[in-house]
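Protein sequences, first through last, are from chains S and R.
Its first residue numbered 7, the first sequence is counted upward by one per residue in the numbering used here.
Its first residue numbered 527, the second sequence is counted upward by one per residue in the numbering used here.
It is possible that part of the hints are untrue.
Within a straight-line C-alpha distance of at most 20 Å, the following computed DMTMM-like cross-link-like pairs (lysine to aspartate or glutamate) qualify [unchecked claim]:
no. : chain 1 : residue 1 : chain 2 : residue 2
1   : S       : Lys44     : S       : Glu11
2   : S       : Lys32     : S       : Glu88
3   : R       : Lys550    : S       : Glu47
4   : S       : Lys110    : S       : Glu23
5   : R       : Lys566    : R       : Glu608
6   : R       : Lys566    : S       : Glu11
7   : R       : Lys566    : R       : Glu628
8   : R       : Lys567    : S       : Glu88
9   : R       : Lys567    : S       : Glu11
10  : R       : Lys566    : S       : Glu47
Keep in mind the hints are simulated off the structure, nothing from the lab.
Here is what each chain is made of, one letter per residue.
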Amino acid sequence: SQLAEENPWALSVHEGESVTVNCSYKTSITALQWYRQKSGEGPAQLILIRSNEREKRNGRLRATLDTSSQSSSLSITATRCEDTAVYFCATGFASALTFGSGTKVIVLP
Amino acid sequence: ETAVFQTPNYHVTQVGNEVSFNCKQTLGHDTMYWYKQDSKKLLKIMFSYNNKQLIVNETVPRRFSPQSSDKAHLNLRIKSVEPEDSAVYLCASSDDWVNYAEQFFGPGTRLTVL
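With the rest of the complex left out, here is chain R (with noise of 0.2 Å):
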């Protein structure tokens, strides 16, 4: 089966903690992303990361940050994290990052922070 997988499906932390969420593509594609969508279904993009070059979005907590060992992986990091952080995190990938190409999603991690 061909798609993006997400683990864990859900995660509950306390304020100060560090997580670490993974995601896979199984797709060949070279290109992945990372989304937070917030309880309002608001959608927006954190990085962006093709092959070793990575865009981060200047909005982005300097606590996040991906990770890659290839260009089937890209995991997110969270250090110490806050309560604005509970949020969904989607992983995405596609197979071209300068067009109009479909982006694939995985299921998404839930983050709750208390």
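So that you can see chain S by itself, here it is in the shape it has in the complex (with noise of 0.2 Å):
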């Protein structure tokens, strides 16, 4: 079974509105990333949490760390549809790295 885990599955929002994507995972950690992947491209890192931190902004994107319940979630707000993409979280050292199912995200315009 996934040490990581999104939710929902997938959701669509317009442009403009704000989204949030839920991450739940089964293992202490030290820290949590966040990922995009947008379509015919490889992952790409959004945000890196770690576990002595309950809040991480990066422009439009906030991502939460809740270490008592395990769970993390990334907010983005003003979407674009260029935010169009699966959203991962990934647990583990680099050499280890596990990633969620991911929630794929559409803006529409």
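Take the two lone chains, each set in its own frame, and fit them into one complex as the hints suggest.
See the structure below:
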């Protein structure tokens, strides 16, 4: 079974709206990463949040981490069509990074 | 341009054939990886390679073998492909393999086994 899992499986929003993707993980972690994969491309890191951080921001992106419930969320504000992608959370050291199954986000014009 | 490059973009072959995929990174990283991404977008690490040390994922069939000429190149060879090998193979690199280093991915090679 997956060590990390995102939900929902897929969602759609209209441009300008906000969207939140959730991640639950099964092991204790020191850090969690969020990646985005656009169609035809490899994943690209968006945010790394460490276990001693509750929130981290990067422009329109905001990640939260709750180690007590073993969960994280990634929120995107003022979405754009180019935010359409699959969003993954990932845990573990670089040599053993484990990705969740991803949430497909579609931003409609 | 510094990035991770993969060739070919696509490859179609028949069961039993041998295939080889190439990966090159110009980021100056010491560590490279191969991932397999299935049709449901599930990403699984296959190999991690740091300088001359190879870490093999125990679930990877023996017909898969990584090949590295130097720290900037990590190729993947598959002997006698099977239908379940159809997937996107993603190469990545990072400048650290033991901490939480960002991984930089190539665009992937899509393999279809007929």
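Each hint tested on the structure:
1. Lys44(S) <-> Glu11(S): holds (19 Å)
2. Lys32(S) <-> Glu88(S): At roughly 31 Å apart (the allowed maximum being 20 Å), Glu88(S) and Lys32(S) break the hint.
3. Lys550(R) <-> Glu47(S): holds (16 Å)
4. Lys110(S) <-> Glu23(S): holds (16 Å)
5. Lys566(R) <-> Glu608(R): Given pair Lys566(R), Glu608(R) holds - Cα atoms ~18 Å apart, limit 20 Å.
6. Lys566(R) <-> Glu11(S): This hinted pair holds, its Cα atoms lying about 13 Å apart.
7. Lys566(R) <-> Glu628(R): violated (23 Å)
8. Lys567(R) <-> Glu88(S): Within the cut-off at roughly 19 Å; holds.
9. Lys567(R) <-> Glu11(S): Since the Cα atoms of Lys567(R) and Glu11(S) sit roughly 12 Å apart, the hinted pair holds (cutoff 20 Å).
10. Lys566(R) <-> Glu47(S): holds (15 Å)
In terms of the numbered hints stated before, the structure departs from hints 2, 7, listed from lowest to highest.
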